[in-house]
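Peer 1: Read off the chains here:
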Amino acid sequence: MSEALHEITLTVNGVVREATVPGRRLLSDCLRRELGLTGTHVGCEHGVCGCCTVLLDGEPVRSCLTFAVSVDGHEITTVEGLSGPGGTLSPVQRAFSECHALQCGFCTPGFLCTATALLRDNPSPTDDEVIEGISGNLCRCTGYQNIVKAVHRAAELMGDEA
Amino acid sequence: MKPSAFDYHAPRDLGETLAVLAGAGAHGKVLAGGQSLIPLLNMRLAAPSHLIDINRVAALDTIAVEDGGVRVGALARHAAVERSSLVARAQPLLRDALKLVAHPVIRNRGTVVGSLVHADPSAELPAVLTVLDGSVRLARHGAPERDVPAGEFFTGPMESALEPGELAVSAFFPSLPARTGTAFCEVARRHGDYAMAGAAAVVTLDEDLRIASARVACVSVGPVPVLLDVSEVCAHRPAASVDWAAVARAVRDLIDPDGDIHATAGYRRHLTGVLAERALRIAAQEAADERAGEYPNE
Numbered sequence: 001m002s003e004a005l006h007e008i009t010l011t012v013n014g015v016v017r018e019a020t021v022p023g024r025r026l027l028s029d030c031l032r033r034e035l036g037l038t039g040t041h042v043g044c045e046h047g048v049c050g051c052c053t054v055l056l057d058g059e060p061v062r063s064c065l066t067f068a069v070s071v072d073g074h075e076i077t078t079v080e081g082l083s084g085p086g087g088t089l090s091p092v093q094r095a096f097s098e099c100h101a102l103q104c105g106f107c108t109p110g111f112l113c114t115a116t117a118l119l120r121d122n123p124s125p126t127d128d129e130v131i132e133g134i135s136g137n138l139c140r141c142t143g144y145q146n147i148v149k150a151v152h153r154a155a156e157l158m159g160d161e162a
Numbered sequence: 001m002k003p004s005a006f007d008y009h010a011p012r013d014l015g016e017t018l019a020v021l022a023g024a025g026a027h028g029k030v031l032a033g034g035q036s037l038i039p040l041l042n043m044r045l046a047a048p049s050h051l052i053d054i055n056r057v058a059a060l061d062t063i064a065v066e067d068g069g070v071r072v073g074a075l076a077r078h079a080a081v082e083r084s085s086l087v088a089r090a091q092p093l094l095r096d097a098l099k100l101v102a103h104p105v106i107r108n109r110g111t112v113v114g115s116l117v118h119a120d121p122s123a124e125l126p127a128v129l130t131v132l133d134g135s136v137r138l139a140r141h142g143a144p145e146r147d148v149p150a151g152e153f154f155t156g157p158m159e160s161a162l163e164p165g166e167l168a169v170s171a172f173f174p175s176l177p178a179r180t181g182t183a184f185c186e187v188a189r190r191h192g193d194y195a196m197a198g199a200a201a202v203v204t205l206d207e208d209l210r211i212a213s214a215r216v217a218c219v220s221v222g223p224v225p226v227l228l229d230v231s232e233v234c235a236h237r238p239a240a241s242v243d244w245a246a247v248a249r250a251v252r253d254l255i256d257p258d259g260d261i262h263a264t265a266g267y268r269r270h271l272t273g274v275l276a277e278r279a280l281r282i283a284a285q286e287a288a289d290e291r292a293g294e295y296p297n298e
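Chains A and B, in that order, are what the protein sequence lines are.
Quick note: the first sequence uses the working numbering, first residue 1, plus one each step.
Quick note: the second sequence uses the working numbering, first residue 1, plus one each step.
Simulated from the structure, these hints should not be mistaken for laboratory data.
Fair warning: there could be bad hints in the mix.
Unchecked claim - Coverage of chain A stretches by chain B, computed from C-beta distances (three or more under 8 Å per stretch; other residues unrestricted):
id : region
1  : 18-30
2  : 40-51
3  : 125-136
C-beta atoms are modelled at their ideal positions from N, C-alpha and C, and glycine is treated no differently.
Pulled out of the complex, with its shape left as it was, chain B reads as follows (with noise of 0.2 Å):
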């Protein structure tokens, strides 16, 4: 298994890299850690005429905790935002899903926006940038940057909103309002492997403790990451007392997963219901821990 020929394309900066991609078109790609691109290239799955490897382009290998959020360049690798302790306090639930992207060597190289691009709906990342409700920065040579949100970037499996010609630059993980615990839960046939389903979850509760808001993101259930809000199964209750199980069954009633040879639809129903409710109610336990960390020494 070899690579087709390809043009390799080496910039040192943005502005280069922006005029090689425009030249280039719709038979350019664009490689960062190349670990989801290169066997694809290797089993000559994709076969691009041009590629850009954008690894010299110091200035795409950024993290920022910024207001508001945590901004992650086209180059930082996933060990770099998994060991971030800053990003671990701005965003958790990067962190927890990162320790579930394949393994840590892959992690070594393998990068945030790249698996963004990469669009696959069994990854994690995609599922943590819908349920946050984050962006994804594009820049075109010649043109502003435009900032795509969650829900409009990811357009099927694989796909997403990046048009030929475009660099997505950094994504944007919005930081979590007060009273708000998250948590990623997700059953692989190995570590490591994609996920047979899984789910992002984000809880917040009231001040009165009762949850407010509930949204999950499920994995390998869809073309794209599935974000539901279940906010009105949850009743408004304390997570004590809501109907885990009436939330559970809101979760397969509003999913319509396909089977393959790694599980039946029915199986993958029934795991991300299970799924979605156990990152609910460790979402909403940690919102409620965050809650009793307001006033510390009291």
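If we strip away everything but chain A, and leave its shape as in the complex, we get (with noise of 0.2 Å):
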């Protein structure tokens, strides 16, 4: 018995694309394998680190905790889509490279959708919610500081451009 496939359609970084895929198939493992964007990264799949964070419809979700069945029809913004044309870096990318909030860049993509979310809806974050904000993702070498640091730098990076 082979395992039913399903056609769906997905919005990822403003492209249409489309995926035959399993209804078990990860959103994850979907945008990696079968949409060949590997820059969101798998963890621990049971949505403890918070590497694989994409943008659903503009709000920050584990990628690796939706089915990508389950989404068709929506918008994925994943790490590859925040950056401008010709890949200039946005604010917070920019800001995540000035403040050395990465070093060996695993759990970056995570980061980096998470804190644009975050500082979409809350342009001007103070300590405290710069750290709740990014509570569910894990770093394993960088450390927070630097991470905190580039968050509210992005911050002021985007009220210059404003």
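These two chains come separately, so use the hints to put the complex back together.
Peer 2: The structure is reproduced here in structure tokens:
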């Protein structure tokens, strides 16, 4: 008995993409495997580490705790979609680079997506709000101090550009 | 870690959902937010042969402040309930508890009714439903809906009164009587983790601001949320002259927690006493403040 497949259409980083997936295909695996977008990292696969965080209709969610077929027809933004035309880094990406908020980079895509949504909803967060906002993302090498600094720096950069 | 194969169903409305569920019987599992279910599927601790995804059933995505309380539909996300100022006014304990549920990103997807059906005795929302005497509305194909009170809904760790073929369509959180305050206090190893111990408290004062009723629902100390009525220990006194140490002692005497790698039974017992007392005192203070607010600008 072969497994049933589903035709789905996702708008990923502004581009309409089609994929054929079994019901059990996680969104994280669909992005990486069917769509070739390997910027979304898969860490723990049970929602603890936050590495696979993407934006679903603008809201950060765990792509490892979402089935691809479940979000058929919806908009997804991955880390590949955060930069501007020609690969210009977004303010959040520039701030992470400036503040040394990444070392090995494994957790970075999740932090970038989470921080991007956080600053959109709250353009000048307090320290506590930043810490609460990124509390669902684990970093195991850089340490959180520079990441918190980077989120504040990104808020400044976004304020300058506005 | 990948889920095992299942037949995926994506019903568009409630009738179709119930029909599919009835067909799947004990082999069917409902997917709402998936923030508890998908980890279980990924680790293959659960392997249903039919997954019924209710994410397209818009009629279940509701939050209604009704007479006497808040009714939360099966697809209302934690984040939406947490952000609703109408809900916070009608039942402030919901927002207080939701802020302690996992992390903001999980709350964007997870649902309130899903947490109740998951029935984890360490989770916040089952304790909230229990201490408020709320209920869960269950629907089944070809049968009338039934409301199950919180006290009968949670039947064991990760077990509820929901039967195969049934869908929890909504949960009802009653609002508070006059001169009533609430609080939720917990201790977790890390913020956002399941709590080692915690207590949801509801305190009602009489017209002379003496404690008329004091109840707590404790998490992580039994197979279901443990509801304790400590009104008698409060001895109908005003909060300032209650023997709070006796209240904490009573709570410790009434519970029978197990130990695990996160906390010994003794530590859980101690923590629960501290947290119950703390939550009750905050709730009593809130109730008194509400009394003071009854006559604004006078």
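Peer 1: Starting from the hint list further up, note which numbers the structure goes against and sort them upward.
Peer 2: none
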